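There are 4 protein chains.
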Amino acid sequence: MTASTQLLRGVVPPLLTPFNEDYSVDTDTLKRQAERLIKAGVHGLFVLGSSGEVAFLTREQRKEVIATVVEQAQGRVPVIAGVIDMTAPRVIEHIEDAVALGVQGLVATAPFYVRTHDVEIAEHFRLLHEAAPETPIYAYNIPVSVHSVLDIATLISLAKEGVIAGVKDSGGNDGYTRALISARNKAGVKDFVVLTGSETTVDFAYLAGADGVVPGLGNVDPVSYVKLHELLVDGAYAEAAELQSKICDLFTIVGVGDGTRMGGSSQGLGSFKAALHHLGVFPSGLMSRPHVALNDEELAKIHEIVDAAQVIEP
Amino acid sequence: MTASTQLLRGVVPPLLTPFNEDYSVDTDTLKRQAERLIKAGVHGLFVLGSSGEVAFLTREQRKEVIATVVEQAQGRVPVIAGVIDMTAPRVIEHIEDAVALGVQGLVATAPFYVRTHDVEIAEHFRLLHEAAPETPIYAYNIPVSVHSVLDIATLISLAKEGVIAGVKDSGGNDGYTRALISARNKAGVKDFVVLTGSETTVDFAYLAGADGVVPGLGNVDPVSYVKLHELLVDGAYAEAAELQSKICDLFTIVGVGDGTRMGGSSQGLGSFKAALHHLGVFPSGLMSRPHVALNDEELAKIHEIVDAAQVIEP
Amino acid sequence: MTASTQLLRGVVPPLLTPFNEDYSVDTDTLKRQAERLIKAGVHGLFVLGSSGEVAFLTREQRKEVIATVVEQAQGRVPVIAGVIDMTAPRVIEHIEDAVALGVQGLVATAPFYVRTHDVEIAEHFRLLHEAAPETPIYAYNIPVSVHSVLDIATLISLAKEGVIAGVKDSGGNDGYTRALISARNKAGVKDFVVLTGSETTVDFAYLAGADGVVPGLGNVDPVSYVKLHELLVDGAYAEAAELQSKICDLFTIVGVGDGTRMGGSSQGLGSFKAALHHLGVFPSGLMSRPHVALNDEELAKIHEIVDAAQVIEP
Amino acid sequence: MTASTQLLRGVVPPLLTPFNEDYSVDTDTLKRQAERLIKAGVHGLFVLGSSGEVAFLTREQRKEVIATVVEQAQGRVPVIAGVIDMTAPRVIEHIEDAVALGVQGLVATAPFYVRTHDVEIAEHFRLLHEAAPETPIYAYNIPVSVHSVLDIATLISLAKEGVIAGVKDSGGNDGYTRALISARNKAGVKDFVVLTGSETTVDFAYLAGADGVVPGLGNVDPVSYVKLHELLVDGAYAEAAELQSKICDLFTIVGVGDGTRMGGSSQGLGSFKAALHHLGVFPSGLMSRPHVALNDEELAKIHEIVDAAQVIEP
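Protein sequences, first through last, are from chains Y, U, D and H.
Numbering follows this note's numbering, in which position 230 of the first sequence is assigned residue number 230; successive positions increment by one, without gaps.
Numbering follows this note's numbering, in which position 7 of the second sequence is assigned residue number 7; successive positions increment by one, without gaps.
Numbering follows this note's numbering, in which position 153 of the third sequence is assigned residue number 153; successive positions increment by one, without gaps.
Numbering follows this note's numbering, in which position 161 of the fourth sequence is assigned residue number 161; successive positions increment by one, without gaps.
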């Protein structure tokens with residue numbers, strides 16, 4: 001699958017999942033958004049990530065999301081799918097679904113809910129690879145959700161075995177990202193990609209040698225992320241940092257929701273969906289249950305920030 | 001469902017799930033173990049808890065476990081089932097399965113993987129209750145797995161609304177257990193049960209007014225837990241504490257596995273299964289993948305501790 | 001020092017430190033409170049614990065507190081002193097001060113601020129013991145402050161070496177307390193005392209074999225804690241649990257302060273001092289800076305709870 | 001103190017504290033090392049940071065360290081001193097010492113050991129500033145030691161009040177560093193410096209607009225850090241990243257010590273001191289007690305890494 005792997009670089013937004021009023025997946029809006037991102041020049045589409053509310057979707061809904069986006073993409077950009085579940089036997093069911101639906105890659109976390117260990121995490125990824133030996137698997141480092149950090153030596157080991165094709169790093173520690181890239185380079189592992197999941201430090205990650213970015217905020221402002229990628233690939237770091245800083249201003253929408261009456265997911269995803277609603281892309285900002293909706297005052301602040309950002313429509 | 005609720009008191013072991021060599025559920029052994037526990041005098045059976053490796057079981061396997069134990073129990077004791085998944089839409093699928101299979105109660109955690117909030121957790125349990133208004137739901141406080149602690153005021157509020165019928169508290173903080181019981185008593189909520197999940201402080205929990213215990217180690221030595229319950233109900237605290245202390249010696253098997261090469265789940269469940277294998281109840285100590293097996297030296301130590309405990313077969 | 005060690009059992013309140021308006025130590029009130037506690041029948045006095053705001057006192061102020069209480073106690077009960085500082089070289093200075101002032105015991109934590117290890121913690125206590133070989137040292141398990149838990153095997157090892165004379169366990173985990181007591185009993189270590197620091201689960205600790213309690217709330221209601229101790233020593237567990245439950249109602253004062261505008265220390269110590277002011281024991285509820293004072297509404301609630309508790313004055 | 005403040009930019013190594021065999025401060029070596037760093041072109045000297053084993057030094061030893069380095073610096077570069085202690089009343093004693101000895105700035109953390117709150121942390125820094133209104137105070141963000149993160153809004157507020165002159169950020173989160181700098185810029189606070197404490201992501205911090213770096217590893221290889229600073233000031237980011245990557249290779253010495261028999265402080269400081277010993281700068285690698293010494297095998301690995309780095313002597 002070298003061909004697929006080489007494609008997964010650049011800006012790969014984790015698609016939000018829009019909902020109808022009855023909490024079914026709004027496939028029309030999902031298609032429009034996929035098209036809008038492709039038009040903006042993104043390099044891949046990542047469905048069923050944390051930003052896609054994967055944890056709230058049933059197995060059938062997950063299949064619907066994949067099918068919708070794969071069909072819309074028509075092979076123009078690779079589509080990779082999150083296969084997020086507690087342990088290998090359950091993840092493998094999602095892998096089978098996703099592979100059958102024609103994805104170009106899979107994103108899987110370490111086991112969660114259970115108390116685990118690096119040795120077990122390595123074996124976990126081997127089991128996943130056995131279930132889909134032809135499809136690249138990207139390890140998803142997301143300690144805020146799974147409460148463990150993927151060990152760099154373990155990752156490099158799995159890369160050498162051909163078990164994983166890369167890492168999506170949402171660990172929030174750019175020093176870790178650099179150390180991972182450095183270990184990859186030293187190990188001489190080819191075609192092993194490192195993507196940062198941080199919206200606010202893309203320039204740092206690229207400066208350290210990262211291959212791409214998976215920015216939730218890229219749902220709102222894909223054009224800026226594509227521009228940021230291009231500046232960084234061109235080595236225009238100072239200019240890139242300036243643009244990154246502007247993007248960070250837009251990112252402040254995630255802090256508008258009142259943390260005393262809602263959780264971080266409601267704050268973050270609520271703001272992204274509110275922004276897309278405000279921009280006319282989404283028909284509503286509805287989140288899956290039991291997310292808490294932003295109130296009018298909060299929405300007004302978010303609209304103000306979005307307006308100030310002058311988001312360019314693709 | 002007052003009838004069901006009133007029954008859920010006393011010793012309610014969380015059944016281990018035995019596996020065949022191909023990792024399918026070993027239903028014969030599961031039946032034998034259910035029978036063995038009933039014979040020992042336990043007051044209920046809890047399937048698909050953390051001790052039952054619920055996180056490693058597919059939806060179909062979970063159904064198989066419930067069906068097997070419900071059939072074996074034949075109504076002699078209530079069977080309650082864990083419906084463990086990341087969020088309400090997914091938990092509700094498990095609820096539908098479990099209710100269709102005839103369980104007498106459900107055990108659900110707060111949302112996990114996602115960043116959440118007390119307001120959202122309350123709404124989460126309301127959604128679950130709507131999905132099964134006739135079946136008691138027990139809130140499962142298990143911060144080691146879900147990384148949040150259930151808020152006592154929220155729980156009492158849900159109890160008053162009739163949303164939850166009790167709490168299974170595996171929080172490891174007996175002061176919390178007491179505070180929860182005290183809040184329940186002050187609120188005058190009837191038929192709201194508090195069960196401790198701690199194998200080693202049952203006497204503390206009962207002294208504070210707990211209604212029962214869900215001991216993983218009860219799989220190995222159900223007779224001692226039933227005896228402990230009886231002593232405590234009779235107010236024979238000093239004698240109970242002595243028995244509890246003896247049980248704690250047996251519990252040290254969970255610390256035998258080497259933590260530098262396996263996780264806590266492998267250590268704990270591995271030791272329980274090894275003990276049952278040694279006692280001739282389980283045909284093997286096999287755990288789901290990617291658990292790490294105990295080695296011969298570790299098994300020998302566990303056998304020694306089990307032998308010293310002189311476990312009485314029901 | 002067997003004599004001293006044997007005396008450290010029962011109720012040993014950690015004395016609050018009253019302040020004058022200029023934040024100097026109010027030694028008159030400190031003496032009155034020491035006298036009040038002795039009159040209530042407590043079995044020892046612990047100065048310079050967390051409840052004594054030790055972290056806010058300069059070296060000179062600490063000496064003043066010790067001198068005041070040692071003089072007031074006149075040997076009627078043992079006085080033990082906290083020697084709380086980051087590492088051994090600094091703790092040893094406090095040890096020298098305390099020993100010179102005639103204390104009957106010392107309470108020391110693991111190193112904090114620094115990243116440490118069990119091997120280093122053991123060596124830390126050995127260094128402290130070398131500095132005061134004639135004075136019993138009690139290891140203070142207080143993870144909320146030092147962010148590590150004292151390892152039971154290490155503690156037993158230090159006990160056997162004669163380095164420590166006991167443990168004051170404020171870890172908030174009664175299962176740990178039981179495991180520590182059990183390990184002590186199995187090791188056959190004589191004169192090694194285990195005191196719980198939990199105000200709300202004294203009955204649990206005694207049921208497991210604890211030797212005493214160091215209750216911050218004992219500053220407010222020493223008579224109840226002495227009565228609780230007596231009931232427990234007599235094996236009247238059910239009656240004790242009832243009294244413990246009543247004490248827990250009084251303990252709810254620590255949750256009255258608004259956590260969105262003050263820290264846990266302001267909430268907890270503020271409520272204890274407010275209660276003592278309300279009872280006429282302290283001339284004010286002043287805490288060291290930068291603690292946040294409770295407001296009138298909060299004080300009113302605390303007064304109400306204190307009045308309802310009908311605290312018996314010694 | 002604008003003059004002083006403006007000077008605190010660039011490379012400001014946190015000086016290690018060398019010890020004689022009797023654990024007294026080795027002032028001769030300390031002077032030599034200060035001189036060596038000045039010769040390398042560093043822009044300031046920071047004594048009594050975590051790298052300086054401040055937590056292990058008595059008040060008298062701290063004064064000795066300050067006096068030694070201030071005298072050696074002779075005003076050629078500013079000397080700033082850590083005033084690390086649990087709470088304001090104790091920190092203020094260290095402030096008085098440091099100011100009397102002529103330092104050009106002070107570095108203070110949030111309160112630790114105690115449970116605190118942003119409101120209290122702000123008041124804490126105000127109390128410190130009152131104690132030394134003429135000396136710039138830098139807030140030290142070091143959650144690994146104090147277990148709280150300095151809130152950005154609070155810091156900006158304190159900057160506007162003139163209470164703090166900058167931040168030394170050892171939080172390990174470069175996104176936070178960027179957000180802090182961005183907030184500073186938006187607030188229009190003049191002369192408020194942000195220094196990163198991360199040895200391995202200096203390029204990231206500068207790209208985001210940081211004013212300097214406080215690198216523990218700068219004790220070993222000051223020349224490279226000065227060169228890195230110059231490249232970054234010149235906007236040569238790609239070249240800087242390459243040098244940074246080389247420095248990261250040297251930084252791997254901190255991971256050589258075996259974490260199963262020593263803590264992180266022993267690993268990290270032990271490796272720095274071992275490197276300086278190997279380079280002939282320090283007469284030994286002795287750390288304060290109870291640090292665990294690296295063994296011969298570990299030392300050999302460290303020497304190998306240091307040799308490979310070809311550290312240039314100033």
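Hints are computed from structural coordinates only; laboratory data are not their basis.
One thing to keep in mind: the hints can contain errors.
Pairs involving identical chains hold if they fit within one copy or between any two copies, as the list cannot separate such chains.
[As the list claims (entries may be wrong)] When the alpha-carbon atoms are kept at most 25 Å apart in a straight line, the in silico DSS-like pairs for lysine-lysine are as follows:
hint	residue 1	residue 2
1	63	186
2	227	186
3	31	190
4	39	246
5	301	190
6	301	63
7	190	246
8	39	301
9	246	31
10	301	31
11	227	160
12	160	31
13	190	39
14	63	227
15	63	246
16	39	186
The structure presented is a predicted model; accordingly, all values stated were derived computationally and were not measured.
**Prompt:** Within a copy, between copies, both or neither: where do residue 39 and residue 246 come within 25 Å Cα-Cα?
**Reply:** This pair counts as within: shortest intra-copy Cα distance 22 Å, inter-copy 40 Å.
**Within, between, both or neither: residue 246, residue 31 at alpha-carbon 25 Å** = neither (28 Å within a copy, 46 Å between copies)
**Message:** Within a copy, between copies, both or neither: which one fits residue 301 and residue 190 at a CA-CA cutoff of 25 Å?
**Reply:** Neither way: residue 301 and residue 190 sit 46 Å apart in one copy and 28 Å across, limit 25 Å.
**Asked** How would you classify residue 160 and residue 31 at a CA-CA limit of 25 Å: within, between, both, or neither?
**Response** neither (37 Å within a copy, 44 Å between copies)
**Asked** Quick one: residue 301 to residue 63, C-alpha cut-off 25 Å, is that within a copy, between copies, both, or neither?
**Response** This pair counts as neither: shortest intra-copy Cα distance 35 Å, inter-copy 48 Å.
**Request:** Please work out whether the CA atoms of residue 301 and residue 31 approach to 25 Å or closer within one copy, between two copies, in both situations, or in neither?
**Result:** neither (28 Å within a copy, 56 Å between copies)
**25 Å Cα threshold - placement of residue 246 relative to residue 63** = neither (36 Å within a copy, 46 Å between copies)
**Item:** Homo-oligomer pair classification [residue 39, residue 190; C-alpha up to 25 Å]
**Value:** Neither: 30 Å inside a copy, 43 Å across copies.
**Alpha-carbon proximity between residue 227 and residue 160, which holds within one copy, between copies, both or neither at 25 Å** = For residue 227 and residue 160, neither the intra-copy (33 Å) nor the inter-copy (35 Å) Cα distance is at most 25 Å.
**Prompt:** Within a copy, between copies, both or neither: where do residue 31 and residue 190 come within 25 Å Cα-Cα?
**Reply:** neither (34 Å within a copy, 49 Å between copies)
**Request:** Have a look at residue 63 and residue 227 and pick one of within, between, both or neither, based on CA distance no larger than 25 Å.
**Result:** Classified as neither; 32 Å inside a copy, 50 Å across copies.
**Asked** How would you label the pair residue 227, residue 186 (within, between, both, or neither) given a Cα cut-off of 25 Å?
**Response** Result: close only across copies, 24 Å inter versus 30 Å intra.
The structure shown violates the earlier hints numbered 1, 3, 5, 6, 8, 9, 10, 11, 12, 13, 14, 15, 16.
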